[in-house]
Amino acid sequence: MTMNRRMFLGTTAAASAVLSAPSVLADGHAKPRVVVIGGGAGGATAARYIAKDSEGAIDVTLIEPSKAYYTCFFSNLYLGGFKDIEDIGHSYGGLAATGVNVIHDWAVGVDRDTKTVTLAGGDTVAYDKLILSPGIDFVEGAVEGWDISAQNAMPHAFKAGSQTELLKAQLMAMPEGGTFAMVAPPNPYRCPPGPYERVSMVAHYLKANNPTAKILIADPKPSFSKQGLFEEGWNTYYAGMIDRIGPDFGGANVSVDPAAMTLSIDGEVTNVDVCNVIPAMKAGRIAELAGVTDGNWAPVNAADMSTKADPDVYVLGDSAQQGDMPKSGFSANSQAKVCANAVRGALTGSRVFPAKFANTCWSLIATDDGVKVGATYEATDEKIAKVDGFVSTTGESAEIRKATYEESEGWYTGITSDMFGNAV
Amino acid sequence: MATELKTRVKVPSSASAGEVVTIKAMITHPMENGRRKDSEGNTIPRSIINRLVVDFNGQNVIDVALEPSVSRNPYFQFDAVVPESGEFKFTWYDDEGSVHETARPVTVT
Chain A
1 MTMNRRMFLG TTAAASAVLS APSVLADGHA KPRVVVIGGG AGGATAARYI AKDSEGAIDV
61 TLIEPSKAYY TCFFSNLYLG GFKDIEDIGH SYGGLAATGV NVIHDWAVGV DRDTKTVTLA
121 GGDTVAYDKL ILSPGIDFVE GAVEGWDISA QNAMPHAFKA GSQTELLKAQ LMAMPEGGTF
181 AMVAPPNPYR CPPGPYERVS MVAHYLKANN PTAKILIADP KPSFSKQGLF EEGWNTYYAG
241 MIDRIGPDFG GANVSVDPAA MTLSIDGEVT NVDVCNVIPA MKAGRIAELA GVTDGNWAPV
301 NAADMSTKAD PDVYVLGDSA QQGDMPKSGF SANSQAKVCA NAVRGALTGS RVFPAKFANT
361 CWSLIATDDG VKVGATYEAT DEKIAKVDGF VSTTGESAEI RKATYEESEG WYTGITSDMF
421 GNAV
Chain B
1001 MATELKTRVK VPSSASAGEV VTIKAMITHP MENGRRKDSE GNTIPRSIIN RLVVDFNGQN
1061 VIDVALEPSV SRNPYFQFDA VVPESGEFKF TWYDDEGSVH ETARPVTVT
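First to last, the protein sequences are chains A and B. Going by this note's numbering, 165 is the number at position 165 of the first sequence; the sequence numbering is gapless. Going by this note's numbering, 1062 is the number at position 62 of the second sequence; the sequence numbering is gapless.
There's no promise every hint is true.
Claimed, not checked - With a straight-line Cα cutoff of 25 Å, these simulated DSS-like cross-link-like pairs (lysine-lysine) come out: (1) K1006(B) <-> K214(A); (2) K1010(B) <-> K214(A); (3) K1010(B) <-> K221(A); (4) K1006(B) <-> K221(A); (5) K1006(B) <-> K207(A); (6) K402(A) <-> K1037(B).
For the record, the hints were derived by calculation from the structure and aren't laboratory data.
Next up, chain B with everything else stripped away, as it sits in the complex (with noise of 0.2 Å):
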């Protein structure tokens, strides 16, 4: 990829213990799909994001597997129960073998 990825995620800074809360994670990414072709004919090879992870103090949340026909800059948007203060980790894998990871903190009041 030549250009810089962006992620992007939104997670309450405070939950209450047990509360129950939404999390929205999003990378800029084209997704090319591996069926386009350019203008000369050739096609374009694939080249997606194929897993997103989001763990919870080392606990698994999510663990998601992309295929080609999912669109570009793909979005999650997913409910969470927040047990205890810690830390979101979201690990975005890219088929080029780059790993993309980002981390927020929750704090239980």
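Looking at chain A on its own, in the form it has when it is part of the complex (with noise of 0.2 Å):
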């Protein structure tokens, strides 16, 4: 798909309206605007919400480049081969169905002082409420060797979709013992225990299929998410497979060469056949343009997800910086909820709940060996606070992890339709 190609999809008479109206503001027309920027699981639950709940009340315009959207979430499920690539894909024809306006181009712009965004394919859309749902992009300079142009010999695939195939298809043509290597971003970033479960899905994949492979993490974090739980689920199905360089054997001064297809590791350099390099995140792009970051992120207030710097401008998800819950599909979806709710009493004068959030990440380490973390939250003055957690811990038997696993299989179909509506 080209950057500038617009599509419509379903109601593509009420979409022309919008586009087509001047840039007048709420005193000046019939109905309030809310423009939702991204259609993941902040933005396409975000728009969904405030559609179905208004009831009409609330114009509704989702900005998506993507046709086609894949979940991050289960994406390494693809690579392990518990999943195919059309599991995790999903159309917006149900947002649609439910009067969202769904236009698919690029957000390059947005101007807060007369409250518009700007389109790559040059239209202008008003909003009076806007609600930034962008996930992630990766901070310039953070793996020497790497920038975005080597993302085809060296991918990221902590965007889903096309990257996602690339790294399987390299997975599978690897030389039999060969090594697949992984530079594991520093705090904080998209899916913490997520670069974890993928290497648990490669040395599933790997041990099937080539089993002299080695797993090399270069890793800049002296621990991380679930660390216990995978490493035991390493030594159990995986031993001797995988090898992790934390930072103080270096792990943290880490260089590639995309062209060499070389690793270096506090200057020891290694030959390797896949190098998925994760690099340091930040907002997405758009948020950044739209003047509501400070520093890598977007700072928001707790209980209706405004952004710091504008009361009509709201960020969800990965790209913003609410406090203790993690960067995950199940946060951006929770966070859309409250704000969905806190947008539609701001402009209807609907009824608003005090803000409660949730999150579990499960993660897949070995077949039927499923593992989750998770908590409840809360709003505070400073920020979405943590109210009580719980995690899966070592030495469970094999009955709950395979619940574990069934349960993360449940959610997923439970958040898509969250998501995207049933239709289509």
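Using the hints, put the two standalone chains together into the complex.
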């Protein structure tokens, strides 16, 4: 798909009406207008809930460049062979059927004075409330030798879709006894257990198809999410295959050469066959362009996810600097419902409930061996604050681990229908 | 041990004479303490690294006895004085009789 291509789904006439309308704000037109940028776990959920619950009282426009959305969550299961790529792909037809005007284009600018969003195609869209849920971008220069032009030689695969398919193809093409390397990211980043679930899934694939292959992880972090659980699993299923080099032994002092396919850790150069570089992350670019970021992320108020910079601009999910919640699809979905409730309240006077949040991150270590970590949260004046949490324990029975995995499959079905609606 | 052990050490490549440097040494090892049971209820036999010796140019720097309660992948960090150019030699002793060695040179500038 080209950058400038624009597509309407479903209610084309309604979408055109919004686009062709002049930039008149709430006092000059019949319905308040909400524009959502980014159609992932945060944006799709927010758009759907506002459209569904306002029953036509609010015009909702979703701007998302991709016509098919591949969830980053469960994309590791595709690498491991537990899911097909189609299983994690979703369309926006259900949202259009709910009354959301879906515009497939890039948002390239936000003017907070005139309250308009500029699209790559040249059109502008006016808003009364703007919700940004643009996920992540990568910090430039984070890994020496790597930039976005190297993403085909050394994929990040931390935005799901073609990158995930590329990484899988490279994994399958590895020579016998080859080396799969991962450069793990520093905190904070999208999906804290994600890199380690990925290692588990890659190991699962290699154990069956290329059992003498090795996995090398260069990690700038001294410890990581669910570490005890992952290391127990790696020792049980993939003993001797996985080598993680932490910061004590140079895991933070890394450079790559995508042309030569080498990874240098603390000056020691290793030839690798696949190199999954996951650089340091920051808020999606549009949040920066909108001027609501401070450093790498966008600070928000916990009660409604409005930004500290502008009460009419909200940021959800990975891009938000909100406090204690991890950057996960579950978190974004949870924050979106709080935000949708608050935005409807502000625009139509509907009842606003106190903000409550929840998150769970499931990870699959091997067949039917699932683990999880999660918590509930509340809004305080300072941040989204953790209330209480839970985590799987080492040495759990196979029955519990299988039930945990099955629970994650149920969650996946639930959250994707919560995001996209059930149609299509 | 079915799986190969990996040793990993970090020593500065150069130092000034008499400088105190930080040295790190790790070996990947399950460190079975001899008290755990497998899923059939059988005791998993003890299998640990029981000793780590570090020498510099033939002179002993540290000599450590490890006991069964030491956790997996035992990791040591210590400071040492470097009087001259030479080589740090690291030797790990396994319960099963095997010995794992690695060495790192230091140049005094």
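So, going through the hints one by one against the coordinates:
{"no.": "1", "hint": "K1006(B) <-> K214(A)", "in the structure": "13 Å, holds"}
{"no.": "2", "hint": "K1010(B) <-> K214(A)", "in the structure": "22 Å, holds"}
{"no.": "3", "hint": "K1010(B) <-> K221(A)", "in the structure": "17 Å, holds"}
{"no.": "4", "hint": "K1006(B) <-> K221(A)", "in the structure": "20 Å, holds"}
{"no.": "5", "hint": "K1006(B) <-> K207(A)", "in the structure": "20 Å, holds"}
{"no.": "6", "hint": "K402(A) <-> K1037(B)", "in the structure": "22 Å, holds"}
Consistency note: the structure conflicts with none of the earlier hints.
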